[in-house]
Amino acid sequence: MDSMLEVRNLSVEIGAKEILKDISLVINKGEIAVLFGPNGSGKSTLLKMIMGLSGYNKTGGEIILKGRKIDGLSTDERVKLGLGIMYQHPPKIRGVKLNQIVSFLSKNQKEIEDLSERLSLKEHLNRDINLGFSGGEMKRSELLQIILQDPDLLLLDEPESGVDLENISIMGDVLNNYLKKENKSALIITHTGYILDYIKAKRGCVMINGKLWCVGSPKEMFESIRKSGYEKCKECHEPERME
Amino acid sequence: MNQKEWNNQFEPHEIETISSSGMDLSEKERSGSFLQKDNQVQFYRSLSEGIEIMSTEEALKKLPEVREYYGKNFSLLNRDFPKDTEGGYFVRVKKGKTVELPIQACLFLKAQGFKQKVHNIIIIEEGARVYLITGCSASKAANEGFHLGISEFFIQKGAYLNFTMIHSWKEDVSVKPMGIALVEEGASFISNYVCLRPVREIVMYPTAVLSGDNARASFNSLILSYPGSLQDIGSRVILRGKNTQAEIIARAVSLGGKVISRGHLKAEAKDIKAHLECRGLILSETGTIHAIPEMESDFRDVDMSHEAAIGKINREEIEYLCSRGFTKNEAQSIIVRGFMDVNVLALPELLKKDIEALEEKTLKASF
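One line per chain: the protein sequences are A and B, in this order. Each residue of the first sequence is one higher than the last, beginning at -16 in the working numbering. Each residue of the second sequence is one higher than the last, beginning at 126 in the working numbering.
Looking at chain B on its own, in the form it has when it is part of the complex (with noise of 0.2 Å):
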């Protein structure tokens, strides 16, 4: 879509809010993108070789091998899933590619009280390496919009994903991702993700499964919470290969609302290494932070750690900068600019610099 058909089909809020969620509508440093609006997928295109993108139905429908991965990795973990979505991105990444810039993908919420579900496919084949970034937002016409997103994640033998999630909700939005990881022998899976605005629920709890030898993965996120939101927020991993490694890393800082930071390591064999970190910045009376990280082996050769801290911002620390010159709130802003600092995230350079202009822009509107 070009910048005449944007502005046709969207509002000015509602470009600014798909930009917001690390969207580059000029595609000029993007693979490959995909848009979908409600249950309607509006365009989608490669922009690379070796990159297949189009709609889940349409791939389920032209590529037979397709239907084999559909819900498969919830039968690994033997969970349900629900089966009446629309729509929902298919990106296929060809064995041994190196795709350097981003493949992103939009999900928007437009209708009011709207219901999107939608399924994502995503295949890393043997060896290839990508980066891919999904932006979920809402019109400020979607009131009392749901989002359901499923996504399957596949990360052949040697392969690198690197998936950043960027939600740009609204006050009265609720949202379910369930996304499962099958993270195949020395594959690597990155997952980022970033809720810096309002929303009214998340529900979420991706797990990654190490199924291969010296597989990794790493959840990172960055969560900020608006009074009256609740955010249910946890990364689970299942270390099933020999000399797996895992990490978890959460930053979350309550403006009133209520975060629960939920990890979950698993140890399913000898020889791994797994880390989970929880910090919690709590900057309101009626904020609440609820940090509750698990870790579980049946195994003695196992490296497992974890650490939490929940508090308010040192005053120590804001008298350290006061006497620097900055203004209390200056100082409260620079410590909480830090304490979310995007280096948290494992982002390739590009997109650091739009995440920390989201964020720079979101906490200079919340102080």
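So here's chain A without its partners, still in its complex pose (with noise of 0.2 Å):
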């Protein structure tokens, strides 16, 4: 099967302080995978340096999208790839309306009305973007956006935290419905697991002090974490390189 991305060997240090050691991950075409691991352990900075963003210091490795070394690529180069992220914390941007960003993602104004209203967010379209949004409101509005790029990699950094139950079923189907789209693949990050009741991801990978595990079903796997915690988990599944 094509992947549509490699991490090889990659190692990042913020500072001189080592946050990802050596990881190595495939995600191919279609595939949804979902990352666990502990608060601290280096899941969104794995994100943050697929989407080439600032502040992380790489000491070793490199990245593959669809086929192409993609590490001294700009953020906005990325996404022209193909790539897309779900902020897990957005910035708050005053005098910037979320229908700016939302009608440069899509000519579509069909599109964008029907996912708007579907999200609750018509009224939010012309407020400063996340200036005063609650925190579910906030993760809609990271939805919608990616929804309406279109990207054939999503990295989704903990949809549903913050969310009500009502809008995580609404955010689930709108999500499942994209990722059936032929090839469509997603990297999600989830601490509450509720997300896994409305994708199908096939491989669940854990995350522990900067290092990666891959092993089967994420939703065997949340169930093992949830009963003996991470440091079991790690121990129960014999780590599975996938280069």
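No wet-lab data here; the hints were simulated from the structure. You may find that some hints are simply not true.
As the list claims (entries may be wrong) - Cross-link-like lysine-lysine pairs, in silico, PhoX-like; alpha carbons within 25 Å at most: (1) A:K80 with B:K477; (2) B:K478 with A:K49; (3) A:K90 with B:K453; (4) A:K105 with B:K478.
Two chains, each in its own frame: build the complex with the hints.
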């Protein structure tokens, strides 16, 4: 199967602190991988590195998207190659309306209207982005943007945290419908596991202290983490390198 | 003046700069116009009943009652003012009149090295409501020009004046506006100031005196500062009546110039409410923004506050927009435009669109 994303032996520091240690990971076209791990284990850092955001120092390895090395590319160039991200904590930008971004992402006015209606964001379109948005509203706005952007690989950083149950169900459906499209791939960070009820993820990975273990069913893995914690989960499964 | 007369009197680039200071040459969406070039009053006319427009000199000659207004606001604050002015506009809106479309005044500098000095008198009679837009601009030929603009505003009981001043100068022009507004009981004075083009130096510190109870004033400004320029721009409100309210909001972006953003709120009565806010964005290594907010009160029962924030564009905000596909330059430009949001100004819809378009054009050229 063609790979969408390959991370090869990636090591990353912030300051002098090593955050990611020799990470390797492959996500195939059409595949959804779920990333578990305790706070501070490096999950968000991995997503930000793939996206090309600043503040991190790569000390080794490479990132390949659709067969092309992307390490030297700027974030917007990566977006043009088909990457998209849903932020865990998006910034507030005074004077910049959600609608400005949304109408840049899609020229299809009907699609914008339908999706913002579905995600209860119609009134938010004319507001400064994230300014005064609740946690759930920010997540819905992130989802609205990434779906309209229509990337091939979605990096979702805790898409459901802070969202009420009713909206998790709506968001889950929207996301699932999107991911069912041909060859869409995703790498999803989740703590609550709720999102797993809506999407068909085949593979779960766990990151602990900047190291990655990838194993089978995310649902089983989540159950095991719930029962026995992250360390136990690591011991239970044989490390499976995806290279 | 019709289009042909404009074309006869002004070069195309002059017409462009006059338009960029908010003038609607067609006058379709205006209630009156006044135009002065250097020291020559070119034309004026009122397009609506209840509005008088003429040159200040003419008003002082023809209308004896206007004489008592000349210099009145300066004596009120024991301040002196230059008397060697030539021209300037007189606008009076009759009691109870509501003017839907703005009145426009244009002060234009054309001759090289010319020192334009004007004295404007604006009287909004009891209960009247009006928008007034003043555009000040300079021809390419007006090298080393100077503009002094004295404005005395009288906003009488229950009246409303929304005054917008747009400066559209050039690199070697120095400017000194001196404005004082006297705001009577229950009246409102809204002052919007926009300066998006280069200038050598602007020094101004307009003052509103809220003399009557329940009066209110608000000063809002958007300033773009280019390398080599100094803009020392402040606003002061003296809250003299009970239950008066004031707000001063400034947004300044330095592309390399120096901005001094002053604000002074002075409570001289109880139960007043006043807020001052200055936000500055420095986009160049050589830029300077100096915010000087001041608040004074002799009373305990007042509610006064200020906030000031200066810095560069947040990297996280740029990256956020880049992760949606905008280039770094596009992201910066979007953030600056958002920062210079015209909604900061209290503008009527009609002028908002004009100023938005003007800002769009200016910022496009600067990035």
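Verification of the supplied hints:
Proximity of K80 of chain A to K477 of chain B is assessed by CA-CA distance (about 17 Å); at most 25 Å being required, the pair is judged to hold. Distance restraint check for K478 of chain B and K49 of chain A: the Cα-Cα separation of roughly 45 Å exceeds the 25 Å cut-off, and the hinted pair is therefore not satisfied. Taking the CA atoms of K90 of chain A and K453 of chain B, the gap is about 21 Å. The hint holds against a cut of 25 Å. Taking the CA atoms of K105 of chain A and K478 of chain B, the gap is near 23 Å; set against the 25 Å cutoff, the hint holds.
In summary, the one numbered hint that this structure violates is 2.
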